[in-house]
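I would like the entire structure built from these sequences, with the hints used as guidance.
Under our numbering, the residue at position 111 of the sequence shown is numbered 111, and the numbers go up by one with no gaps.
A couple of the hints might just be wrong.
What the hints assert, rightly or not - Derived Cβ-Cβ restraints for the label pairs, each shown as a range:
#, residue 1, residue 2, range
1, Leu86, Arg63, 35 to 41 Å
2, Phe88, Ala128, 32 to 38 Å
3, Gln140, Ile15, 27 to 33 Å
4, Ile186, Phe43, 32 to 38 Å
5, Ala90, Ala128, 49 to 55 Å
6, Asn33, Ala94, 34 to 40 Å
7, Arg63, Leu4, 44 to 50 Å
8, Pro155, Ala96, 43 to 49 Å
9, Leu55, Ala82, 18 to 24 Å
10, Phe88, Ile32, 36 to 42 Å
Calculated from the structure, these hints are not laboratory results. Where a beta carbon is used, it is the ideal one built from N, C-alpha and C, also for glycine.
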Amino acid sequence: MPYLQNAGVFLIQTIFGFFIVVFLLRALLIAINAPFNQPICRFVYILTNPVTMPLRNLIPRWRRVEFSSLLIAYLLALLELAAFALLFGAGLSAKAMLLRAATDTLDWIVLIELVAIFGYCLLSFFPAMHYDSNFRLLAQFVDPVVRPFRKLLPPLGGMDFSCWFAAITLVLVRMLVVAPLADLAIRL
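Structure representation (structure tokens):
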């Protein structure tokens, strides 16, 4: 039986994780004003438009924040928790599920930024990539997180440590904000 549960956990995490990330990417791409003609953006918009567009009429954007995509990601995190409750036969209380879904959504946002920073740092070692549209999108994606660190610490001897400090800060956010909230959700 644990083999079936393990397979169920894997499938639930993979399917829900994919769609949560796609809807969060949509919200983040809109927040950075990413170009619609970029292939990655087009993929995200085409995949999310059928669900997001009807909600955009009910939940308008505020500045560059698209609440409909964030709400859908949050609801998917809630559905993921409900699927786990069905799989294991026990679940969290309603308050705990609401908090845990918010915590999971925040954790996904932090992980997306961490992966983006890692990819940006890795690709920045290849000068030919600097002219690629995907690299420019990645640079635009990590810039809001890295910019405050660039102001505090300019490049030293040609080395830019701002991405390193941004990544450390994001890991600390996971440790000091996300993890305590997840523990609190379990205790509710």
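Status of each hint after checking the structure:
1. The hinted window of 35 to 41 Å between leucine 86 and arginine 63 holds, with their beta carbons roughly 38 Å apart.
2. Separation of phenylalanine 88 from alanine 128 is about 49 Å and departs from the stated range, judged on CB atoms against 32 to 38 Å.
3. Taking 27 to 33 Å as the suggested C-beta distance range, the pair glutamine 140 and isoleucine 15 conforms, at roughly 29 Å.
4. A hinted range of 32 to 38 Å holds for the C-beta pair isoleucine 186 and phenylalanine 43, which are about 35 Å apart.
5. At about 53 Å, the CB distance of alanine 90 to alanine 128 agrees with the hint of 49 to 55 Å.
6. With their beta carbons about 37 Å apart, asparagine 33 and alanine 94 fall inside the hinted range of 34 to 40 Å.
7. In this structure the supplied range 44 to 50 Å holds for arginine 63 paired with leucine 4, their Cβ-Cβ distance being about 46 Å.
8. Between proline 155 and alanine 96, the C-beta spacing of about 45 Å keeps the proposed range 43 to 49 Å intact.
9. Separated by about 20 Å at the C-beta atoms, leucine 55 and alanine 82 satisfy the suggested range of 18 to 24 Å.
10. Checked against the hint of 36 to 42 Å, the C-beta distance between phenylalanine 88 and isoleucine 32 comes to roughly 38 Å, which is consistent with it.
In this structure, only the earlier hint numbered 2 is contradicted, and the remaining ones agree with it.
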